[in-house]
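Trainee: As a plain string of letters, each chain reads:
Protein chains: 2
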Amino acid sequence: MTIPRALTIAGSDSGGGAGIQADLKTFAAFGVFGMTALTALTAQNTTGVYGVVEIAPAFVAQQIDVVVTDIGVDAVKTGMLANAAIIEIVAAKVKEHSLQPLVLDPVMIAKSGAPLLKPEAVDALKTHLLPLATVLTPNLHEASALTGRDVTDLEQMRDAARALHDWGAQNVVIKGGHLAGAAVDVLFDGEDFTEFRSERLPNPATHGTG
Amino acid sequence: MTIPRALTIAGSDSGGGAGIQADLKTFAAFGVFGMTALTALTAQNTTGVYGVVEIAPAFVAQQIDVVVTDIGVDAVKTGMLANAAIIEIVAAKVKEHSLQPLVLDPVMIAKSGAPLLKPEAVDALKTHLLPLATVLTPNLHEASALTGRDVTDLEQMRDAARALHDWGAQNVVIKGGHLAGAAVDVLFDGEDFTEFRSERLPNPATHGTG
Numbered sequence: 000m001t002i003p004r005a006l007t008i009a010g011s012d013s014g015g016g017a018g019i020q021a022d023l024k025t026f027a028a029f030g031v032f033g034m035t036a037l038t039a040l041t042a043q044n045t046t047g048v049y050g051v052v053e054i055a056p057a058f059v060a061q062q063i064d065v066v067v068t069d070i071g072v073d074a075v076k077t078g079m080l081a082n083a084a085i086i087e088i089v090a091a092k093v094k095e096h097s098l099q100p101l102v103l104d105p106v107m108i109a110k111s112g113a114p115l116l117k118p119e120a121v122d123a124l125k126t127h128l129l130p131l132a133t134v135l136t137p138n139l140h141e142a143s144a145l146t147g148r149d150v151t152d153l154e155q156m157r158d159a160a161r162a163l164h165d166w167g168a169q170n171v172v173i174k175g176g177h178l179a180g181a182a183v184d185v186l187f188d189g190e191d192f193t194e195f196r197s198e199r200l201p202n203p204a205t206h207g208t209g
Numbered sequence: 000m001t002i003p004r005a006l007t008i009a010g011s012d013s014g015g016g017a018g019i020q021a022d023l024k025t026f027a028a029f030g031v032f033g034m035t036a037l038t039a040l041t042a043q044n045t046t047g048v049y050g051v052v053e054i055a056p057a058f059v060a061q062q063i064d065v066v067v068t069d070i071g072v073d074a075v076k077t078g079m080l081a082n083a084a085i086i087e088i089v090a091a092k093v094k095e096h097s098l099q100p101l102v103l104d105p106v107m108i109a110k111s112g113a114p115l116l117k118p119e120a121v122d123a124l125k126t127h128l129l130p131l132a133t134v135l136t137p138n139l140h141e142a143s144a145l146t147g148r149d150v151t152d153l154e155q156m157r158d159a160a161r162a163l164h165d166w167g168a169q170n171v172v173i174k175g176g177h178l179a180g181a182a183v184d185v186l187f188d189g190e191d192f193t194e195f196r197s198e199r200l201p202n203p204a205t206h207g208t209g
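Line by line, the protein sequences give chains A and B. Those letters in the first sequence? Residues 0 to 209, per numbering that gives the first Met the number 0, in order. Those letters in the second sequence? Residues 0 to 209, per numbering that gives the first Met the number 0, in order.
There may be inaccurate statements among the hints.
Same chains, same names: a pair is fine if it fits in one copy or spans any two.
To be verified - Once the Cα atoms are required to be at most 30 angstroms apart in a straight line, the calculated DSS-like pairs of lysine-lysine come out as:
1) 110 x 24
2) 92 x 125
3) 125 x 24
4) 125 x 110
5) 110 x 92
6) 24 x 92
7) 125 x 94
Just so you know, the hints here were simulated from the structure itself, not pulled from any lab data. These numbers come from a predicted model, not from an experiment.
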């Protein structure tokens with residue numbers, strides 16, 4: 000039996016609810032061997048982000064290189080990328096090593112409201128990484144920041160998904176967790192729209208990035 | 000149902016086979032919610048450690064503080080602590096927050112042979128952290144470095160375990176994975192010795208820290 004190998008390129012959430020910690024837990028739950036390239040460390044809990052240490056882009060690249068060239072990578076996910084320099088080197092490594100499929104979660108702010116991506120880095124994300132994405136997974140806020148449009152209802156979600164696909168993401172899932180009313184995710188694969196509806200869960204003490 | 004909460008204070012292994020990555024996978028497998036305080040990042044795979052970034056002791060402390068004061072911690076494990084300054088601040092935080100039980104894995108070198116603890120930090124480990132350990136889990140090499148004695152057979156393992164208990168560790172498990180012949184771990188709880196024998200597994204492509 001071959002165990003699938005997934006690499007998450009993302010930040011660390013000390014509280015364990017988001018970042019590479021949540022990705023590793025998800026990979027483990029699905030029987031996938033998890034590897035990491037850390038882009039930033041946060042001192043974070045359910046109430047906020049109290050400290051951030053950004054990692055040097057060259058060291059982000061080194062973490063990717065040593066994993067790809069030895070263990071091998073069957074799928075990649077990106078999360079918090081912190082700044083434009085890290086985005087550019089991650090995009091370069093994705094191209095150099097042909098890392099596909101790529102799930103691009105355009106993490107911008109923590110659930111607590113703390114910024115996890117420098118505002119001026121949004122353009123770098125659109126220019127360098129979005130066109131490499133197999134699946135792009137913004138929430139409403141991130142879809143709005145990427146498109147420069149309001150994204151607050153299903154029609155605007157469909158419009159934003161189409162725009163993000165036109166900019167190069169093969170598939171776009173706009174996550175509707177912040178919608179008023181029912182939580183509906185909208186998938187656009189370049190041809191068709193699919194809606195995923197789910198019941199609201201009782202309010203748990205959630206935390207981490209959205 | 001209450002989910003147990005465990006904090007690992009350790010390094011990051013990009014290759015996923017050791018460090019906080021392995022700890023989080025183990026916690027998940029046992030239904031334990033995992034949290035982290037990163038002490039160092041390594042760019043590491045099965046063949047070696049190609050880069051190390053040590054984290055500022057104050058940020059290690061901050062990661063511990065935000066997790067303990069908000070989410071809560073039922074058990075702590077330490078791994079790679081990198082240097083004496085990190086050891087001292089971790090020991091101070093363990094005392095300040097009464098973090099017990101504490102599993103102290105005195106990580107010193109990676110399986111590939113790369114150093115993960117500065118040699119001059121061994122004394123800090125013995126002085127500040129060892130007396131706080133509920134369980135100390137050295138391998139043969141680490142037991143030898145801590146005691147200054149040869150530890151290569153069962154009799155020497157028992158002697159070293161007794162010495163490490165006398166220095167303050169409540170329970171000592173010396174891991175015999177590097178023994179010639181059968182793999183035997185030796186536990187000393189301050190009164191009795193218990194031996195755990197296990198069959199050698201077929202040689203997998205193992206990696207990470209021992």
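Trainee: All hints are to be evaluated individually against the structure, with a verdict given for each.
Mentor: Hints, one by one, checked against the model:
Taking the closest pair of Cα atoms, residue 110 and residue 24 come within 30 angstroms of each other both inside a single copy (19 angstroms) and across two copies (24 angstroms). Only within a single protomer do residue 92 and residue 125 lie at most 30 angstroms apart by alpha-carbon distance; the minimum there is 16 angstroms, versus 42 angstroms between protomers. Taking the closest pair of Cα atoms, residue 125 and residue 24 come within 30 angstroms of each other only inside a single copy of the chain (28 angstroms); across copies the shortest separation is 33 angstroms, beyond that limit. Taking identical chains as interchangeable, the C-alpha atoms of residue 125 and residue 110 lie at most 30 angstroms apart only when both belong to the same chain, with a minimum of 22 angstroms there against 41 angstroms between chains.
When the C-alpha separation of residue 110 and residue 92 is checked against a cutoff of 30 angstroms, the pair qualifies both within a copy, at 29 angstroms, and between copies, at 27 angstroms. In this homomeric assembly, residue 24 and residue 92 come within 30 angstroms of each other (Cα to Cα) both inside a single copy, at 25 angstroms, and across copies, at 26 angstroms. For the identical chains of this complex, residue 125 and residue 94 are intra-copy neighbours only, at 15 angstroms inside a copy versus 47 angstroms across copies, given an alpha-carbon limit of 30 angstroms.
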